[in-house]
Amino acid sequence: MAAGGFKEFVAGETLDQDEINDYLMQGVLVFAGTAARGSAITSPVEGQFSFLKDSDALEFYDGSAWVALETDLPEFEFLLVGGGGGGGAGPNDAGGGGAGGGHLAGTAIIAKGTNYTVTVGGGGAGGTGGGIGNRGTIGNLSRFTTPIVAIGGGFGGAAGYSAVNSPITKGGGGGSGGAGGASFDGGAGNLDNAGPGISTQGNDGGRGRYGTDGTINRAGGGGGGAGATGGDAVSGSGGNGGNGAANSITGSSVTRAGGGGGGNRFASAGTGGTGGGGNGAVSGTAGSGTVNLGGGGGGAGNAGTGGAGGSGIVILKYPDSVTLTIGAGLTSSTTTSGGFKITSFTAGTDVISY
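Quick note, the numbering used here runs 256 ahead of the 1-based positions in the sequence shown.
Hints were generated in silico from the structure; no laboratory data involved.
Some clues are possibly wrong.
Unchecked claim - Computed Cβ-Cβ distance ranges for the label pairs, DEER-style:
#1 THR579 x THR401: 16 to 26 Å
#2 SER299 x THR270: 35 to 45 Å
#3 GLU275 x SER577: 36 to 46 Å
#4 ASP318 x GLY362: 25 to 35 Å
Beta carbons: idealized from backbone N, C-alpha and C, even for Gly.
Make a model of the complete structure from these sequences and hints.
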């Protein structure tokens, strides 16, 4: 039998018996074993396939060796949480809570021997008092391969007393896992809307409030969480942060990506949502979101400082037969349970492969 592989025929060429049998009649050459294949194909061609009956193995020639074709690639379960948004602040008033980071879970098949980028998103910074427009900053995204991304949480709105609506004094809008809570910036008795969150990763922020008496109701809304919308500011209190979402990829249920509570100028501030959301404050510095839970920072009052958002996390679960190669730029830990490895990436960015 002649060596198979690829041959380009030209117009008018006559095919002989060996060429017909070798190139046209057999897409995959079948042999009893490697010895029979070696005798028949002395000069294999890159891309050529063969089937070995003794081992029931389908192999291809990669240019230097016969390699088994993998038809059962391992499935990777993943959980990504983006960094939480920073809480807002403002002069003698109150800021909205930052949103929890985007929360994304699913499965993926990735190729052997290919590098994939993993990034753990950091939390956004809290706003500082002393001037109108001191909102927090959005959290940073977390990534597992290019298309699989958890967006960072939206910023908490800045709390400036103004009779004119201004985009800079509203909570973070679309493009965040959850929207940050709004400050107030309307006239007496108005509720100021926060922007919407991404429905697959987070929820809307709560609305800020300015009371009719101009004293007790200068309050920010709560930041949206992965599991619930942020609470509106109410009479005498900032809005509570939205609760996060629970996931059991590590073997036990953990709630992540809670929104930060809204701040208040005079009375009480909102509490952070379950899953790492920071508490709002009446004065001083609001609570920060919890590290590696992607919680939003709390909003501040009385020219205080908004809480920082908590950093996110990337968690992968895969068969324990797989050995990951992890770049030095990533901080990670791995446990093994029930036939699976669970690798948690808690900081950094670099590539992984197996």
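Results for each hint:
For THR579 paired with THR401, a C-beta distance near 18 Å keeps the hint of 16 to 26 Å intact. For SER299 paired with THR270, a C-beta distance near 23 Å fails the hint of 35 to 45 Å. Evaluation of the 36 to 46 Å hint for GLU275 and SER577 yields a pass: the beta carbon distance comes to about 43 Å. A hinted range of 25 to 35 Å holds for the C-beta pair ASP318 and GLY362, which are about 31 Å apart.
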